[in-house]
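*Asks:* Going by the numbering used here, the letters in the sequence shown line up with residues 127 to 553, in that order.
A hint or two may mislead.
[To be verified] Calculated lysine to any residue pairs in the SDA-like style (CA-CA distance at most 25 Å, straight line): (1) Lys313 with His431; (2) Lys313 with Gly439; (3) Lys460 with Gln416; (4) Lys460 with Val432; (5) Lys405 with Ala352; (6) Lys466 with Asp448; (7) Lys460 with Gly299; (8) Lys523 with Asn455; (9) Lys532 with Gln545; (10) Lys460 with Gln475; (11) Lys460 with Arg343; (12) Lys405 with Lys324; (13) Lys460 with Pro496; (14) Lys271 with Asp448; (15) Lys217 with Gly247; (16) Lys532 with His431; (17) Lys324 with Arg343; (18) Lys324 with Asp359.
No lab work stands behind these hints, which were simulated from the structure alone. Bear in mind that the values here come from a model prediction, so they are computed numbers and not experimental data.
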Amino acid sequence: MPHPIPRRQFLSQTAAIGAGLYVAGTAAAAESTSPNEKLNLGIIGPGGRGASNLAGVSSENIVAICDVDARRAAQAFEAYPNAARYEDFRKMLDNETLDGVVVSTPDHTHAYCSITAMRQGLNCYCEKPLTRTVQEARLVAQTAKEYHVVTQMGTQIHATDNYRRVVEVIRSGAIGPVREVKVWVGKGWGGTSWPTDKPPVPEGVNWDLWLGPSAYRPYHPAYIPAQWRRWWDFGGGTLADMGCHYIDLVFWALDLRHPLTCEASGPPPHPETAPSGLKVTWTYPERGEQPPVTLTWTDGDMIEHVHDGHDLGGAGVYFVGDEGSLYANYGTYKLFPEEKFADFTPPEQTIPNSIGHHAEWIRACKTGEPTTCNFDYSGALTESVLLGTVAYRIGRKIEWDGAELKATNAPEAANVVWQPSRPEWEL
Numbered sequence: 127m128p129h130p131i132p133r134r135q136f137l138s139q140t141a142a143i144g145a146g147l148y149v150a151g152t153a154a155a156a157e158s159t160s161p162n163e164k165l166n167l168g169i170i171g172p173g174g175r176g177a178s179n180l181a182g183v184s185s186e187n188i189v190a191i192c193d194v195d196a197r198r199a200a201q202a203f204e205a206y207p208n209a210a211r212y213e214d215f216r217k218m219l220d221n222e223t224l225d226g227v228v229v230s231t232p233d234h235t236h237a238y239c240s241i242t243a244m245r246q247g248l249n250c251y252c253e254k255p256l257t258r259t260v261q262e263a264r265l266v267a268q269t270a271k272e273y274h275v276v277t278q279m280g281t282q283i284h285a286t287d288n289y290r291r292v293v294e295v296i297r298s299g300a301i302g303p304v305r306e307v308k309v310w311v312g313k314g315w316g317g318t319s320w321p322t323d324k325p326p327v328p329e330g331v332n333w334d335l336w337l338g339p340s341a342y343r344p345y346h347p348a349y350i351p352a353q354w355r356r357w358w359d360f361g362g363g364t365l366a367d368m369g370c371h372y373i374d375l376v377f378w379a380l381d382l383r384h385p386l387t388c389e390a391s392g393p394p395p396h397p398e399t400a401p402s403g404l405k406v407t408w409t410y411p412e413r414g415e416q417p418p419v420t421l422t423w424t425d426g427d428m429i430e431h432v433h434d435g436h437d438l439g440g441a442g443v444y445f446v447g448d449e450g451s452l453y454a455n456y457g458t459y460k461l462f463p464e465e466k467f468a469d470f471t472p473p474e475q476t477i478p479n480s481i482g483h484h485a486e487w488i489r490a491c492k493t494g495e496p497t498t499c500n501f502d503y504s505g506a507l508t509e510s511v512l513l514g515t516v517a518y519r520i521g522r523k524i525e526w527d528g529a530e531l532k533a534t535n536a537p538e539a540a541n542v543v544w545q546p547s548r549p550e551w552e553l
């Protein structure tokens, strides 16, 4: 009789087989553990966006919940009284028998939480953007590949029927080859300088753990909850917040990967905070028979929402093809010129409807089936999005070598592509 294989190893091996990887001993594992068994999950950050992610995986065994802010975690603790409670996720990983983790922390701790978990063989679902820096996104993707774990970035809109239908229309050639895309989001995460007063840390908040790898600075309610997105040390403004949702559609439909160039404009760069409005332009090379494409992003008080005479509202994606244009938002799409496409018949459906973004990850953890926003795909997407903040912060157009992860014409970009961590938080 074969020796039983630990549950975590079984799930990792099953995922590897599903991804086309050979792992010795998997046949024996398949006899010892059922893929229909519920996963044992640890939740890192159950408040805010994390509450939705927790609900998304609630079909599984929630065995541990971790948060540095007991106030934000109170509702989750009450809903799952049998789950172990943690303040430090590293202790959770050491103490619990887990199959996977769900990471819904602020951006600056995404990479550390995800990589630490994956290095222990755990499957990982992480909120967008995948990381705070470009270099972290590459490291997260490499780690997922090295440890053969199942991953999914939390771009939930990717699972909607509308995004799938838009991809099919673009790929069908209905508007011809696409050479230009405009993306805009009216949200503005502009910030101000660091607060100078030093109020006491609220009871139940471990401020040092909340800071994680970021440089130490005194607690202030201007940062939490949510407002941390305004500061470079913790987030990346509107582009980092929303870019992975809207630019995801462009990446998917046009098979994009690494840009050739990136440049940005807005108010004079502030060393501490993101701008109130931003414009970023990337150029991408030919992909097979697809022509080069220019992608432009605008946000905040710099949004450009009128295209070809059409006022398209506060957020959207506008594909410009040789034979027409397509506007899409989260829920709908529309073709232009309207008279040309009045009798348009959508192409045959080729992309299956999703069972749900969280459900995809859960199923993949059990069966090895692929996820649609694994860390290879979403890592490259995050790299490209965050490169826009790099170009803005250094105030210079970047000529980008995606393979080497460096700006060939701007060595100073390296100081933003990669940023140091506090001791004990290095990756």
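*Asks:* None of the hints should be skipped; say for each whether it holds.
*Replies:* Going down the list of hints, with the structure as the test:
Proximity of Lys313 to His431 is assessed by CA-CA distance (about 13 Å); at most 25 Å being required, the pair is judged to hold. The suggested pairing of Lys313 with Gly439 holds, with an alpha-carbon distance near 12 Å, which does not exceed 25 Å. Between Lys460 and Gln416, the direct Cα distance comes to roughly 22 Å. Compliance with the 25 Å bound is thereby established for this hinted pair. Taking the CA atoms of Lys460 and Val432, the gap is near 14 Å; set against the 25 Å cutoff, the hint holds.
Distance check on the hinted pair: Lys405 and Ala352 sit about 23 Å apart at the alpha-carbon level, within 25 Å; holds. For the hint linking Lys466 to Asp448, the alpha-carbon distance of about 13 Å falls within 25 Å, and the restraint holds. In summary, the hint linking Lys460 to Gly299 is supported, as the alpha carbons are separated by about 15 Å, within the 25 Å threshold. Between Lys523 and Asn455, the direct Cα distance comes to roughly 29 Å. Violation of the 25 Å bound is thereby established for this hinted pair.
Proposed proximity of Lys532 and Gln545 is supported: the alpha carbons are some 14 Å apart, at most 25 Å. About 17 Å separates the Cα atoms of Lys460 and Gln475, which keeps this hinted pair within 25 Å; it holds. Between the alpha carbons of Lys460 and Arg343 the distance comes to roughly 48 Å, so the proposed pair goes past 25 Å and is violated. Restraint check for Lys405 and Lys324: the C-alpha separation of about 34 Å exceeds 25 Å, so the hint is violated.
At most 25 Å may separate the alpha-carbon atoms for a hinted pair to count; Lys460 and Pro496 exceed this at roughly 30 Å. For the hint linking Lys271 to Asp448, the alpha-carbon distance of about 38 Å lies beyond 25 Å, and the restraint is violated. At most 25 Å may separate the alpha-carbon atoms for a hinted pair to count; Lys217 and Gly247 meet this at roughly 16 Å. Taken as a hint, the Lys532 and His431 pair is broken in the structure, with Cα atoms around 32 Å apart against an allowance of 25 Å.
Distance hint between Lys324 and Arg343 is fulfilled; the C-alpha atoms sit about 10 Å from each other, no more than 25 Å. A distance of roughly 18 Å separates the Cα atoms of Lys324 and Asp359; the hinted pair therefore holds under the 25 Å criterion.
The earlier numbered hints that this structure contradicts are 8, 11, 12, 13, 14, 16.
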